[in-house]
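Those protein sequences? They're chains A and B, same order as listed.
Residue 1338 in the working numbering sits at position 41 of the first sequence, and the numbers go up by one each step.
Residue 1359 in the working numbering sits at position 62 of the second sequence, and the numbers go up by one each step.
Some hints here could point you the wrong way.
Because identical chains share one entry, a pair is satisfied inside a single copy or across any pair of copies.
[Stated by the list, open to error] With a Cα cut of at most 27 Å, we get these calculated DSS-like pairs of lysine-lysine: (1) K1382 x K1461; (2) K1461 x K1355; (3) K1461 x K1365; (4) K1382 x K1365; (5) K1382 x K1355.
Read the hints as simulated data drawn from the structure, not as lab findings.
All values reported here derive from a predicted model rather than from experimental measurement.
2 protein chains.
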Amino acid sequence: MRTTRFATMECPTARALDCIGESWSMLILRDAFQGCRRFDDFQQSLGIPANTLTRRLKHLVDNGLLQKQAYSERPPRHEYVLTPKGQELFPVLVVLFDWGSRHLTPEGTAVSQIDRGSGAPLQSMVVDRHTRTPITVDRVLLQPGPVASEQVRQRAAQVEALWKDVPLPE
Amino acid sequence: MRTTRFATMECPTARALDCIGESWSMLILRDAFQGCRRFDDFQQSLGIPANTLTRRLKHLVDNGLLQKQAYSERPPRHEYVLTPKGQELFPVLVVLFDWGSRHLTPEGTAVSQIDRGSGAPLQSMVVDRHTRTPITVDRVLLQPGPVASEQVRQRAAQVEALWKDVPLPE
């Protein structure tokens, strides 16, 4: 039920959340980025019940984020590999990791993201691909597109009104 | 049960997902960024059952993402405002929106993110804050920190092995 409602919402964020599924799915994708490919890899990494893992993997395959690849014919065995669509979720995991590191590690650092070239710790920032300007909440407006509903138009106007009197960041 | 397990995992991504809660929570945060503050705003926006909304708002307040602010004393009424910790989730929503726009809008565009200054459409990219180099999957290694478990060390080694023979992107 809920799934259907998210999938039919106009907001791309809502659809993205629906497509990914819930939190386990995101951790399965994290594991896929970190080299897990087989059912047992994921199960060992996540400590997740087999039937839950089966269901989440099926969801991710059905939604085009992972694809099955045979690695043995006799017996028939397959592993799960990120599709290009799945690979494009990497930035989401990077920024979630960063945010969690900043706010949710009171006991100290268990793991950081570092640059493979320099070994320097990475700290993510989201910028516009063309101008390289940081995309901050005070820079973003919504623009209704060709298939926008009245609700989207109202929301875009609401966001515009929020920032009307706030000077642009430099 | 699941919540506890996520919260105690060492991976900051797992903790972030636990802290945010499931998909409804992310959409509540989206609405907060877009100017919703009162229970009725969220309910109207999301079409979510009142008891579900109450539970999700409580989770977000308990986890320090939203805070309650009184706007009326008689009768006592409050609204929900993003905390700094909640505000720092904006980049996650930006990249999710973008990914959803690219992959999940077969019927055309209902809404885009545009720059408030120029009106140009925004396309997000995640870069390192210091070097401004794009953070792509082929650039990131994991480094175990002071409180890393053996499992984290193994995972870091697994990721390093994945990329060992792959040249660095320019």
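Now the hints, each set against the structure:
With identical chains, the CA atoms of K1382 and K1461 are at most 27 Å apart between copies only, with a shortest distance of 24 Å across copies and 36 Å within one. For the homomeric pair K1461 and K1355, neither the shortest alpha-carbon distance inside one copy (45 Å) nor that between copies (31 Å) is at most 27 Å. Proximity of K1461 and K1365 under a CA criterion of 27 Å is satisfied inter-copy only: 25 Å between copies versus 49 Å inside one chain copy. When the C-alpha separation of K1382 and K1365 is checked against a cutoff of 27 Å, the pair qualifies only within one copy, where the shortest distance is 14 Å, while the shortest distance between copies is 38 Å.
Taking CA atoms no more than 27 Å apart as the test, K1382 paired with K1355 passes inside one copy only; the shortest distance there is 16 Å, against 34 Å between copies.
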